[in-house]
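The lines below spell out each chain.
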Amino acid sequence: MNAPNRFELFVLEDGEKPVEVTEDTKIPNAATFKIVKQDHTLGNMIRAQVLSMPQVLFAGYKVPHPLHPYFLLKIQTDGTMTPQAVLEQACTKLIATISSLEAKFKREFSFKTTEGNVPEDPYGTTGASAQNWGTGKDYLDF
Amino acid sequence: MQTYEDNEPIVRIRDYKPDRVDFVLENVDLGFANSFRRVVQADIPTIAVDMVEVEANTTVLPDEFIAHRIGMVPLVSANCDEGIRYTRDCLCLSGCQYCSIELRLDVSCNDNRTMDVTSNHLEVIPPTYTDGETPGDELTKRGEDFGQPVGKNKADVPPVLICKIRKGQELKLRCVAKKGIAKEHAKWSPCSAVAFEYDPYNKLRHTTYWHETDPRTEWPVGENAKEEETPRDDEVFDFNAKPRKFYFDVETDGSLGPQEVIMKGLAELQTKLANLILGLKEGVDLPTGGDGAEAGVNGHVSAGDWAHQPGGGGWGQNAASGAGYASPAGGGGWSTSGGSGGWGTTSPAPNTGGNTGAWATSPAQNAGGAPNTTWGTSPAQAWGASSPNAASGSGWGTSTQQGWGSPTQQASGWNL
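Chains A and B supply the protein sequences, listed in that same order. Heads up, the first sequence is in full-length UniProt numbering, so the first residue is 1 and it goes up one at a time. Heads up, the second sequence is in full-length UniProt numbering, so the first residue is 1 and it goes up one at a time.
Hints should not be assumed to be uniformly reliable.
What the hints assert, rightly or not - Straight-line C-alpha distance at most 25 Å; calculated SDA-like pairs for lysine to any residue: (1) Lys62/A to Leu30/B; (2) Lys141/B to Ser94/B; (3) Lys183/B to Pro69/A; (4) Lys34/A to Ile181/B; (5) Lys17/B to Pro69/A; (6) Lys104/A to His68/B; (7) Lys112/A to Glu251/B; (8) Lys281/B to Val56/A; (9) Lys112/A to Glu8/B; (10) Lys183/B to Tyr70/A; (11) Lys281/B to Phe10/A; (12) Lys242/B to Leu51/A; (13) Lys62/A to Gly31/B.
What the hints contain is simulated information worked out from the structure, not anything from laboratory work. Remember, it's a predicted structure, so these values are computed and weren't measured experimentally.
Take the sequences, apply the hints, and build the full model.
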């Protein structure tokens with residue numbers, strides 16, 4: 001069969017750049033970013049974060065075709081920052097948010113296990129079968 | 001708007017069972033919550049049977065039918081970031097012990113009754129070593145029942161039915177399980193279902209209920225509505241309101257635990273964003289190639305930085321001092337850096353002043369070098385020693401272990 005490998009939808013090819021920047025020739029302080037091998041997961045999240053910044057006049061993203069594994073992100077700023085800097089800052093902020101979320105999840109999970117709140121058995125039986133799911137090891141033990 | 005941005009996300013786990021976690025996520029954007037849902041469903045690697053060689057099949061089901069059913073059987077994949085490679089990244093041609101797991105199924109029915117062939121009949125064939133060979137790095141990181149069907153031979157976990165055979169029929173096959181993600185095929189999804197809800201009373205009018213006379217009597221509100229105030233009858237529509245509270249119920253198929261799914265999902269999101277930042281910085285010796293990028297991904301995830309995070313740390317959001325990307329203690333890589341460490345978010349002019357490749361967001365700090373001890377002290381361990389930055393002694397080095405700067409697995413390739 002000549003079907004392309006499915007992983008070509010999300011793995012960068014050799015030497016392929018993850019992002020391509022095209023500055024807008026007609027609109028001041030605007031640029032279009034072509035982000036390859038990514039989809040709505042990243043696009044919508046970044047767009048929302050970029051829009052929340054006061055320097056930004058416009059931000060939008062689109063996936064031009066569902067079979068083409070890239071999306072376009074367009075940013076226009078008021079001139080105090082370049083679109084590239086805005087995008088970078090947005091990503092940095094998102095990473096910070098995720099980090100704090102990670103810490104909070106970790107805390108919550110540790111409470112749930114130490115308090116013994118975990119009914120270990122999804123099927124309602126008790127006792128010896130408690131550790132049946134998973135490896136019996138917490139994955140953090142590895 | 002600004003208040004939203006300054007707010008930290010809030011998480012409250014309402015229910016935590018071995019196969020599911022129910023939580024409420026607050027103070028995040030709708031797009032963020034949806035990205036989290038998407039990444040948990042589609043971007044976390046697990047292992048699943050990907051190839052089946054049929055030796056004998058005299059059952060009523062055709063080979064393809066059975067192969068497809070076996071592919072759907074969830075296999076224990078805990079720690080598969082480190083325990084197994086993608087076949088496309090492996091040195092072998094089409095599957096070896098480092099990038100695949102062999103399972104066999106050999107059942108025949110000799111009694112005069114209908115017999116069930118289930119996932120309990122699938123046997124993992126342990127990797128074989130030639131004399132003197134030690135198991136490679138990945139193999140030692142696998143759990144005890146890595147690759148076994150979930151809940152195998154556990155009385156309280158019903159096995160997955162593959163096919164039914166009668167007297168005289170036989171099914172004998174060899175399966176090869178590989179690592180993959182659900183974007184390639186849904187069988188690699190660690191989640192059987194992810195419930196996602198916001199605004200149970202539809203105050204934001206993001207949906208329209210079909211109704212005959214009154215939608216409020218015809219559409220019952222769900223459990224999550226108990227978390228929110230019932231809207232008054234005379235409440236005016238707030239067209240500026242945004243959803244800020246999201247109800248998740250992540251249910252796994254048993255291949256990974258719910259905690260692992262959540263934490264890996266967050267790490268995967270970070271990796272995606274970090275690779276984008278890397279891509280924005282031109283001239284960096286960054287992992288652009290398919291294999292390199294994947295290795296970077298794995299490296300970040302496998303470094304287990306969340307596990308070592310003291311809590312509350314993370315990528316300092318208020319990195320006014322622009323300490324750069326390397327962590328001050330040289331310990332943790334991404335996330336262990338304290339308040340002032342981490343990714344400087346207030347960069348005045350990113351990447352000016354010659355060090356185009358370096359991660360510093362504040363040129364003054366970086367150029368000085370001396371006042372800031374965070375920079376990699378040993379160029380040899382800096383990210384990609386061949387990169388132009390390494391020579392100047394700046395760059396990525398976290399100088400010890402873990403995280404992005406780690407000189408271990410992802411930088412030096414697979415340790416065999």
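Hint check results:
Between the alpha carbons of Lys62/A and Leu30/B the distance comes to roughly 17 Å, so the proposed pair stays at or under 25 Å and holds. The suggested pairing of Lys141/B with Ser94/B holds, with an alpha-carbon distance near 22 Å, which does not exceed 25 Å. At roughly 11 Å between alpha-carbon atoms, Lys183/B and Pro69/A fall within 25 Å of each other, so this suggested pair holds. About 23 Å separates the Cα atoms of Lys34/A and Ile181/B, which keeps this hinted pair within 25 Å; it holds.
Taking the CA atoms of Lys17/B and Pro69/A, the gap is about 36 Å. The hint is violated against a cut of 25 Å. Under the criterion of a C-alpha separation no larger than 25 Å, the hint pairing Lys104/A with His68/B is inconsistent with the structure, at around 39 Å. At most 25 Å may separate the alpha-carbon atoms for a hinted pair to count; Lys112/A and Glu251/B meet this at roughly 17 Å. Only pairs whose Cα atoms come within 25 Å are accepted, and Lys281/B paired with Val56/A is accepted, the gap being roughly 21 Å.
A distance of roughly 21 Å separates the Cα atoms of Lys112/A and Glu8/B; the hinted pair therefore holds under the 25 Å criterion. Straight-line distance between C-alpha atoms of Lys183/B and Tyr70/A comes to about 14 Å, which keeps the hinted pair within the 25 Å bound. Restraint check for Lys281/B and Phe10/A: satisfied, since their Cα atoms lie roughly 21 Å apart, inside the 25 Å limit. The hinted pair formed by Lys242/B and Leu51/A meets the criterion: a straight-line CA distance of about 14 Å does not exceed 25 Å.
At roughly 14 Å between alpha-carbon atoms, Lys62/A and Gly31/B fall within 25 Å of each other, so this suggested pair holds.
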